[in-house]
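Colleague: Residues per chain, in single letters:
There are 2 protein chains.
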Amino acid sequence: MLNFNDILQARERLQGVAHRTPVLASKQFNEQEGCEVFFKAENLQRVGAFKFRGAYNKLASLNPEERKRGVLAYSSGNHAQATALAAKLFGVPAVIVMPEDAPQIKVAATRAYGAEIIFYDRYSQSREDTGEKICRERGMTLVPPFDDYAIMAGQGTSALELLEDVPELDFLLTPASGCGLLAGCAVAAKHLRPQIRIFGVEPETANDTWQSLRKGERVEIPVPKTIADGLQVTAPGKLTFPIIRELVDDILLVSDQELISTMRFILERMKILVEPSGAAGAAAVFHRKFDFAGKRVGVVLSGGNVDLTKLASYLSETGA
Amino acid sequence: MLNFNDILQARERLQGVAHRTPVLASKQFNEQEGCEVFFKAENLQRVGAFKFRGAYNKLASLNPEERKRGVLAYSSGNHAQATALAAKLFGVPAVIVMPEDAPQIKVAATRAYGAEIIFYDRYSQSREDTGEKICRERGMTLVPPFDDYAIMAGQGTSALELLEDVPELDFLLTPASGCGLLAGCAVAAKHLRPQIRIFGVEPETANDTWQSLRKGERVEIPVPKTIADGLQVTAPGKLTFPIIRELVDDILLVSDQELISTMRFILERMKILVEPSGAAGAAAVFHRKFDFAGKRVGVVLSGGNVDLTKLASYLSETGA
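Here the protein sequences line up with chains S and L, keeping their order.
Residue numbering for the first sequence follows my numbering, starting at 977 and increasing by one per position.
Residue numbering for the second sequence follows my numbering, starting at 977 and increasing by one per position.
Hints listed in this document are in silico derivations from the structure and should not be mistaken for laboratory results.
Note that beta-carbon positions come from the ideal geometry of N, C-alpha and C, so glycine has one too.
Careful, some of the hints might be misleading.
Okay, the calculated bits of chain S under chain L, using three or more residues with CB under 8 angstroms as the criterion [as the list claims (entries may be wrong)]: (1) 1155 to 1161; (2) 1272 to 1286.
Computed beta-carbon distance windows for the label pairs [said to hold, decoys possible]: (3) L:Gly1010 / S:Glu1180: 33 to 41 angstroms; (4) L:Gly1090 / S:Ser1231: 32 to 40 angstroms; (5) L:Ser1231 / S:Glu1042: 46 to 54 angstroms.
Generate coordinates for the entire structure from the input sequences, incorporating the hints supplied.
Modeller: Below is the structure:
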């Protein structure tokens, strides 16, 4: 089980390496919603997302011999860049396994951090087989995206910092995907402030954790359709789910349209760019998925990696 | 003449009222340019621009009797919202004089801060006549956009904060329009670090201050065509220009295309939104208008108010 000391240790390792991201507020948001919201701007984190915290902490937790042999991750998203940068900072090799049809911009960004990209054909090969084979051949260690205590501990440092800056929060909201961020933040926040209430936020179509909490066991769903590409995981993790069951109040659900209108508000009013997945927590407050009136609400804006062409299309849509 | 004590006094008045905006960096920008750049993110200031500092300091400098009668500004841009918010915070009336064809979004934003908007027909009326008449009738005080020592002192607090955070800057760059920001920052920076070199940055088409420095006197140009709508002033101020001549090294010039590509880079890589005018300082570094190699460069990102429809069009343009 993950405990608070793991998060303190992660924080020590991340000192001077990860950014201590600012906590931002929007007076207009607060006036409109009648509550006080504190946004932890992890979109301003290195690689543009909280994922750097977990990946770096995972590498730091390996013994020098393991680390020297290098690390491997499956991802075409923020976790890929986070693992690649962490490996670069430790001066060890990284292999990132991506589908052949991964967006060129993500391939280029990951390569820019010095990682080797190995492609697999998602119609004829499994990424697990591809990855395991390379790990075996090269003695590399897999860096899982969420289902790992060192990863969760790293992600939890974001809530630790937020509660240091704003100790008297009534609520904490984070996006929920594999639930590494949510689990790490829940452990940190409940330790520092036992009375805090915690929500994860999922897209309506990607409600695997919402279903799992209701069923009392991990529910697997088909790959969901949502613009929140960081939240398309099909089930909460084996290690994360027991923590969610114990510490998290519930999952709130938001639509893609609500994610877009929230991104737009945050861009227009707060002048910062969040990706659709990263806006989930804010969308739940903004679109009143729970009554937060009069409360102090912490929200992790988890990432800001959006392709500018896609962003242009979100901005052009009407009725958002 | 403006002196450093005016800026210290402004800082005291702004304490707890204006945001102390963060200083951001982009490792990628630094690696690409071979210099260390420190961005003072005034796009994250209240009303989304540095203008709030000057307007609030101006209102604070009035005597209570003057202030009670209210203030008036001519502007359809950031100065309008800054003056409206400052008046709201002091609980005094504000009139903003705008052309009848001002963008609806700017009218609404200014009204949202509680100001009264009075329109004039820019083809048959002068805004000065319209404004002076109201000031006379209501006993209101004009809040000038730049040519005023209290305004300059307020704007200078941004450089004061930047140099407190990063004392050993070699260069400081700000956009140049009427030169209130540039003059205030120059006085603050030269006091704290006499060896610092200071540049203002103008669009190529709006090079009134560049021309003025070369001629040794204020040059007036026709209203320039540029996407940097905050930098369309036609001449440096009577009070600002002597300060620019004394303390500023030179003006650097950038094209609209360079402003757009810089906005895009800052949005994509640094995850923050700057308006075209606000990106001028960064554009001069990014497009190498001077050899900053190996140097520590402070850049004021002066504002972030962009209409999202316009932003979508900037993002869709190719070749930027």
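Colleague: Does each hint hold? Answer for all of them.
Modeller: Verification of the supplied hints:
Counting residues of the region 1155 to 1161 of chain S whose C-beta lies closer than 8 angstroms to any C-beta of chain L gives 0; at least three are required, and the coverage claim is violated. Coverage of the region 1272 to 1286 of chain S by chain L holds in this model, with 3 residues showing a Cβ closer than 8 angstroms to a Cβ of that chain against a need of three. As the Cβ distance of Gly1010 of chain L to Glu1180 of chain S is approximately 48 angstroms, the hint placing it in 33 to 41 angstroms is violated. Distance hint check: the CB atoms of Gly1090 of chain L and Ser1231 of chain S are about 34 angstroms apart, consistent with the given range 32 to 40 angstroms.
Checked against the given bound of 46 to 54 angstroms, the beta carbons of Ser1231 of chain L and Glu1042 of chain S, roughly 52 angstroms apart, stay inside it.
Taken one by one, the earlier hints fail for this structure at numbers 1, 3, listed in ascending order.
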